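Asker: Okay, here's what each chain looks like letter by letter:
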Amino acid sequence: MSRLSIRGVGKTFAGVNGGAPTQALLPVGLEVEDNAFITILGLSGCGKSTLLRLVAGLEEPTTGEILLDGAPVAGPGADRGVVFQSYTLFPWLNVRQNICFGLRQKGMPAVRQREISERFIGEIGLRGFEDHFPKQLSGGMQQRVAIARALANDPKILLLDEPFGALDNQTRVLMQELLLGIWERERKTVMFVTHDIEEAIFMASRIVVFTRRPGRIKSEVPVELPYPRHYTIKTSPAFVALKARLTEEIRAESLAAAAA
Amino acid sequence: MRGVRLFVPVPRGQRIGLGIAFFVVFVAVWWMLTASGAVPPQFLASPPQTLVAAWQLFAKFDFGHDVGMTIWRVVGGFLLAAVIAVPLGIAMGAWKPVEAFFEPFVSFARYLPASAFVPLLILWVGIGESQKLAVIFLGCFFQLTLMITVIVAGTRRDLVEAAYTLGSTQGGIVRHVLLPGAAPEIAEALRQVLGLGWTYIIVAELIGASSGIGHMITDSQALMATENIISGIVVIGLVGLATDLLFKQANRKLFAWSYL
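For the protein sequence lines, the chains are A and B, in the order given. The opening residue of the first sequence carries number 1 in our numbering; numbering runs sequentially from there. The opening residue of the second sequence carries number 1001 in our numbering; numbering runs sequentially from there.
Derived from the structure by calculation, the hints contain no laboratory data. Please note that the accuracy of each hint is not assured.
To be verified - Below, in silico cross-link-like pairs of lysine-lysine (DSSO-like), each with a Cα-Cα straight-line distance of 27 angstroms or less: (1) K135/A to K1253/B; (2) K156/A to K106/A; (3) K1248/B to K135/A.
Computed from a prediction, not measured in an experiment: that's the story for all the values here.
With the hints as extra help, turn the sequences into a complete structure.
Answerer: In structure tokens form, the structure reads like this:
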């Protein structure tokens, strides 16, 4: 059975100041199986982030329904961990307290919180930074803490909205490897939104390509490359061929968007 | 100025030195005005006369008691205002219907000059301590409520969304996101409004008081003792400066994260 079922989900935003409503997402259907790493690839403003926000429960769909383990999604909750593109660590909490935030909301005993945060601080390689505040961390470190904070809650699915978009290229590649490593160890279901083709291929077990706005699913591309993946895979013929194909698909969309 | 670059901080010693330097310049100009006879002494006492007067006030006329009374009135009225304004402001900032209900009235009441209520308050509550506290309360309360409303309403939405996805309830968000996030700015608003309290207290003490700095100033006016009046004003300034510094220090200690 699918972990996540997206059935005919569309979103239209009401017009601002009496303007015309904006159709962000045409009704889409998508099944995400357990332990999958799905990347959603599309141009900026194509509605891919909207889909992620709908799954997170931060927006309500105009049409359709979203089921997580068979239960309809109604509003945000701890069973869907989210990592945002902007840095959203709580600035008044240090690294450990940020990671424990969700656990504290659950009322988990402090000893247990400590054990879990210990484990994830190790996973993200930030031992020695437990007492640092977000402002004292680099962007990459902040996003690592944000990943740990979401995972500490043991969500059924991890949703990431271009989390490495603001990072420099080298850091971004390291972060992709780190996330992939965590996914392989923790066996989580992941939905990752990006506009970066290489990023989309490198991590995904399946890529969902979006059309230009109003977004709908253009194609679903399985990535047959074996895990664990090393960065050198990016120069393998299979990777390069897939990249060429997706580049064409995305290029067609951007040309059409520019002509519109 | 050449060599002084924008926003570059000055070393601590230099900063304190510059701060004191202006006090010296101020007193020097004051002294010159009085010593040269440009301003007759019955209008403006000289710095030495003021010093002597201050010493005599404290030594012979128990001015310390007056200063103590004034401080207690300001702090008492301010605390009363804060105890109601802080929770009300938070509620108004967090829940829009609460804001819609109170905001227009509070905005209206903010423009009512607290000093204009002195005669009415004497009628209502007499000339005792409650009248003094009431003036300070009126002067601080509405201002403070509005400032806190704006601060809380400005809470970063992405942090609120992150908290929702980490399993926070509405109450959890108020307690663990709105409050800690707004606390440094609320403390700063309290500091500013306490200063406002000082501007109202003298008016409250000018009429119907038997103690306090304002009372001493009214008595001195009858005697044309400008040196006493100036002493009183300078003491207010010094007490204000001292509380301001204490407040700043406390804020820096309590909310170290926001000064990183």
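Asker: If a hint holds in the structure, say so; if it doesn't, say that too.
Answerer: To see whether the hints hold, each was checked on the structure:
1. K135/A to K1253/B: holds (17 angstroms)
2. K156/A to K106/A: Satisfied, since the Cα-Cα distance of roughly 16 angstroms is no more than 27 angstroms.
3. K1248/B to K135/A: holds (21 angstroms)
The structure agrees with every numbered hint stated previously.
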